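Novice: Given the structure of chain X, go ahead and fit chain A onto it with the hints provided.
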Amino acid sequence: MSEGWPDALFDALRGAGVTLVAHVPDVGHARLIARCRADAAVDCVGLTTEEEGIALAAGAWLGGMRAALLMQSSGIGNCVNMLSLATIGRFPLLLLATMRGEWGEANPWQVPMGRIAGDVLRLAGVSVHPVDTPERVAETVAAAATMAFEGETRNAVLIGQRVVGAKAFEREDGR
Amino acid sequence: MSADTYPLRRRAVVRALLERRGAALVIAGLGAPAWDVAAAGDGPLDFPLWGAMGGAVPMGLGLALAQPGRRVIVITGDGEMLMGLGALATVAARAPANLAIMVLDNERYGETGMQETHTARGVDLARIAAGAGFPIAGTVRDEAGLAAALDAVLAAPGPVFQAIKLRAETPPRALPPREAVHLKTRFRLALLGRDAVS
Chain X
1 MSEGWPDALF DALRGAGVTL VAHVPDVGHA RLIARCRADA AVDCVGLTTE EEGIALAAGA
61 WLGGMRAALL MQSSGIGNCV NMLSLATIGR FPLLLLATMR GEWGEANPWQ VPMGRIAGDV
121 LRLAGVSVHP VDTPERVAET VAAAATMAFE GETRNAVLIG QRVVGAKAFE REDGR
Chain A
1 MSADTYPLRR RAVVRALLER RGAALVIAGL GAPAWDVAAA GDGPLDFPLW GAMGGAVPMG
61 LGLALAQPGR RVIVITGDGE MLMGLGALAT VAARAPANLA IMVLDNERYG ETGMQETHTA
121 RGVDLARIAA GAGFPIAGTV RDEAGLAAAL DAVLAAPGPV FQAIKLRAET PPRALPPREA
181 VHLKTRFRLA LLGRDAVS
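Heads up: the sequence lines are chains X and A, in that order. Quick note on numbering: the first sequence equals residues 1 to 175 in our numbering. Quick note on numbering: the second sequence equals residues 1 to 198 in our numbering.
The set of hints was computed from the structure by calculation and includes no laboratory data. Heads up, some of the hints might be wrong.
[What the hints assert, rightly or not] Partial selection, computed: residues in chain A whose CB lies under 10 Å from chain X: (1) 8; (2) 27; (3) 67; (4) 72; (5) 82; (6) 85; (7) 90.
[Stated by the list, open to error] Between beta-carbon pairs, the in silico distance windows are: (8) 69(A) - 80(X): 28 to 38 Å; (9) 130(X) - 112(A): 38 to 48 Å; (10) 131(A) - 64(X): 29 to 39 Å.
[Claimed, not checked] Some chain X residues close to chain A (C-beta under 8 Å, calculated; not the full set): (11) 20; (12) 55; (13) 64; (14) 77; (15) 80; (16) 82; (17) 84; (18) 85; (19) 91.
This structure is a prediction, so every number in the text was calculated from the model and none was measured. Beta carbons: idealized from backbone N, C-alpha and C, even for Gly.
Extracted from the complex, chain X is given alone in its bound form (with noise of 0.2 Å):
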């Protein structure tokens, strides 16, 4: 099951009827964007930063469309103001992070990010559900999917590294 997450991730969201994903290439995400693409019935837009997700899931869900945003922690920075958009319409937000600069760490450029990812998606209205146990991720992206699609609410669920795996940066001599 640890391995798996990913593919229980894609069948959660499947299964809550998300047929739009929107996402900026990232590793933590590298299983669930490959299993978007081979799936016809699932539009898979690519993006050059993270807040036109925010706007596009907006616009899918005025065209009826259900759309699920996978970025890596250091792009909810990029979302800020486009939240705006999400909360003052009380548009549905699906938003799945895989954290960075959270646990084993080896690059601090991604610390000052991935410390405050969390608090600043709640400043900007966003239910934050973290989750940090491969077994518990899909049960945590089905609640959140309830949440945001009938509810209409904003939430996040940020992936932690114990789940991901920390990215290891070695030299390439080895020492």
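Specialist: Then chain A, alone, in the frame of chain X:
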């Protein structure tokens, strides 16, 4: 020639487009383009933005993907477009045939005191769109090319990018509703029916 003397006028251009909109869905970028759309006759299938600068094009993309059978027109300004240029790459990469972007380019930030935007210094939005891969991307500067440009925005296989060079002016404000939940609900009710809002 400066934008102070450009011949095309924003209210007339937007009215001419929307008179022929048919079943098209409209997202209007914040500021003057939203007021222009309201001045042409506010309706439930218009979503005017009062904020979220840089978001008009990606919002139009989401709507276009959700409604592939309907024309989706984003009407926005040069300043709003400049804040989200990456969205042109995102749209071109996904290439929805039913999406058109019309930029009302007066080379000014109208809501903040008519300061010049980069388009006043030669930044060419249509060439940026063409470089991103839009199959149709052009700029119109006078009445001669306007009819064909509006035809493309309304019906050409897209994604279409059309910049319209407009006189720098500040027409009387025509304000659409500012309550965003109302704008969302009326849009979904008109487009998707009562089940979508219950």
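Novice: Could you run down the list of hints and mark each one as holding or not?
Specialist: Evaluation of the provided hints:
The restraint placing residue 8(A) at the interface with chain X is violated, with a minimum CB-CB distance near 28 Å, outside the 10 Å limit. Interface restraint check for residue 27(A): the shortest CB-CB distance to chain X comes to about 7 Å, inside 10 Å, so the restraint holds. At about 4 Å, the closest approach between the beta carbon of residue 67(A) and any beta carbon in chain X falls short of 10 Å, and the interface hint on this residue holds. Below 10 Å, beta-carbon pairs count as interface contacts, and residue 72(A) has one with chain X at about 8 Å; its hint therefore holds.
Given hint, residue 82(A) at the interface with chain X, is violated; its Cβ is 14 Å from that chain's nearest Cβ, farther than 10 Å. For residue 85(A), the suggested interface contact is upheld, since its CB lies about 9 Å from the closest CB of chain X, less than 10 Å. Annotation: interface hint on residue 90(A) holds; nearest CB of chain X at approximately 6 Å, less than 10 Å. Checking the proposed 28 to 38 Å range against residue 69(A) and residue 80(X) shows it holds: the Cβ atoms sit about 34 Å from each other.
Look at residue 130(X) against residue 112(A): about 39 Å separates their beta carbons, and that is inside 38 to 48 Å. A hinted range of 29 to 39 Å for the beta carbons of residue 131(A) and residue 64(X) is consistent with their spacing of about 33 Å. Evaluation of the residue 20(X) hint against chain A yields a held restraint, the C-beta minimum of about 6 Å falling below 8 Å. Evaluation of the residue 55(X) hint against chain A yields a held restraint, the C-beta minimum of about 4 Å falling below 8 Å.
With 8 Å as the threshold, the beta carbon of residue 64(X) comes within range of chain A, its nearest partner Cβ sitting at about 5 Å, so the hint holds. Because the beta carbon of residue 77(X) sits about 15 Å from the nearest beta carbon in chain A, more than 8 Å, this interface hint is broken. Nearest Cβ of chain A to the Cβ of residue 80(X): about 11 Å, over the 8 Å cut. The hint is violated. A distance limit of 8 Å between C-beta atoms decides the matter here; for residue 82(X) the minimum to chain A is near 6 Å, and the interface restraint holds.
Interface restraint check: residue 84(X) against chain A, minimum CB-CB distance 6 Å, threshold 8 Å, status holds. Given the 8 Å rule on beta carbons, the hint for residue 85(X) holds: about 4 Å separates it from the nearest Cβ of chain A. At its closest, the beta carbon of residue 91(X) sits 7 Å from a beta carbon of chain A; the interface hint therefore holds under the 8 Å criterion.
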